[in-house]
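As a plain string of letters, each chain reads:
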Amino acid sequence: MKPAAFHYHTAHSVQDAVATLADVAPDQGRILAGGQSLVPTMAFRLATPGHLVDINGIEELHRLAVEDGALSIGACVRHAAFHRPVTDGVLGALLTHVAGHIGHYPIRQRGTFCGSLAQSDPASEWCLVAVTLDATIIAQSTRGRREIAAANFIEGVMSTALDDDELLVEARLPLPTTETRYGFQEFSRRAGDFALAMALATFRLDGGVITDARLGIGGAEDRPRRITQVEAALEGKSPNAETFEAAASAVAETLDPMEDAGTSAQYRRELVQTLTLRALQSAAS
Amino acid sequence: MTDTHDITLSINDHDYTITVDARHTLADTIRDQCGQTGTHVGCEHGVCGACTVLLDGQPVRSCLIFAVQCGGKPIRTVEGLAKGDELHPLQKSFMKYHALQCGFCTPGFLMLAVGILENEPDISDSDLREALSSNLCRCTGYANIVKAVRAAAEELKAGS
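Chains as they are written, first to last, in this note's numbering: chain F, 2 to 286; chain V, 40 to 199.
Derived from the structure by calculation, the hints contain no laboratory data.
All residues carry an ideal CB built from backbone N, CA and C; glycine is no exception.
Fair warning: there could be bad hints in the mix.
If you only want the chain V side, here are some residues facing chain F, beta carbon under 7 angstroms, derived [claimed, not checked]:
| no. | residue |
| --- | --- |
| 1 | D42 |
| 2 | A61 |
| 3 | E83 |
| 4 | H84 |
| 5 | G85 |
| 6 | T91 |
| 7 | Q97 |
| 8 | P98 |
| 9 | R100 |
| 10 | A170 |
| 11 | S172 |
| 12 | S173 |
Could you build the full structure based on these sequences and the hints that come with them?
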């Protein structure tokens, strides 16, 4: 239960971090941000990185700001930064609501938004938010910078589009329009435990009908995804029980849920159906 | 392969200048190299919260941070709560409300509660219950811990 030996490096700028990472990546070099997922896996020796590059001392990566219609979240912004709304309007409220479901209070003091994306656990709340809201991920290496759409960034269980020598420096969440409503629902067996399933719904009401619907499901499949055919079916419908029940059933049918020893695919499918219904109802209310 | 670093840990306003392996967690270092054994090590992977300490004023799992990351940052452990023979209000409250039995989880709960109340003195009952769900206690069933922390919260506010 003790991490294996590794070499520790501190970086004081992004340039410094990516230069060090480029050097050590071939020897299983990894980035250390909050460490709340990486260090437990090291304690179990599931991860035995040869080098860790600590980015916590890089001032610019702690930046959290609204610019160009998006919320820019630096690599070292902790979950706890969202305990109170970081923007006026729906995005700040949504992020505060979701943050309360992530791990526990002390975990949220250290763990980071971008670290959750880089970890890409299917049960990650931030991965679901990033995919549902079409976040842009910024990756940097000594080879340059590139932008990756969240849906392309997350490739599966603990698997992302990041190359070994790339640092996820920032995530950008587009600001929803002011009339956007949201509903978020999650189920886990114990307080603070990993989600067995999650649903995030956002839409606007225009003339009494649903428009700009987004519906993301997380925790159920190997990665979060938007259920676009159900989003399309919600367009122009009245926000009533019939609409929402039909949408929840359609989501459950399209799903290919993961199974594990304690959770059958059918159980997850039914959970998703219930959570989708509640998320839609919550958004409408 | 050993990667050692010379650091100074500031624990309860006392400096410990030590040499650590990069792989040493803050929890193990506080106990083994600084001799402060009030901080307990339970699960060693961030689940139980027995090792909770305050780092920069925030409650954190000291088993999920490497000591080498903590040089120069203020660390507070359970040993720093009492002032001489005078117990901290939370410690008194834990005694009054029988918020412990075996006591293994108690240092972690005390530091978690101190961190929460110092940062959020007006925390609601439901938020307090949620925050206290961070740590595991296998004896009390939690109800008396919630009562003790709530009572101490009122006392700390009245005294501030």
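Hints versus structure:
no.: 1; hint: D42; in the structure: 5 angstroms, holds
no.: 2; hint: A61; in the structure: 4 angstroms, holds
no.: 3; hint: E83; in the structure: 4 angstroms, holds
no.: 4; hint: H84; in the structure: 4 angstroms, holds
no.: 5; hint: G85; in the structure: 5 angstroms, holds
no.: 6; hint: T91; in the structure: 6 angstroms, holds
no.: 7; hint: Q97; in the structure: 4 angstroms, holds
no.: 8; hint: P98; in the structure: 5 angstroms, holds
no.: 9; hint: R100; in the structure: 6 angstroms, holds
no.: 10; hint: A170; in the structure: 4 angstroms, holds
no.: 11; hint: S172; in the structure: 4 angstroms, holds
no.: 12; hint: S173; in the structure: 4 angstroms, holds
Going through the hint list in order, the structure satisfies each hint without exception.
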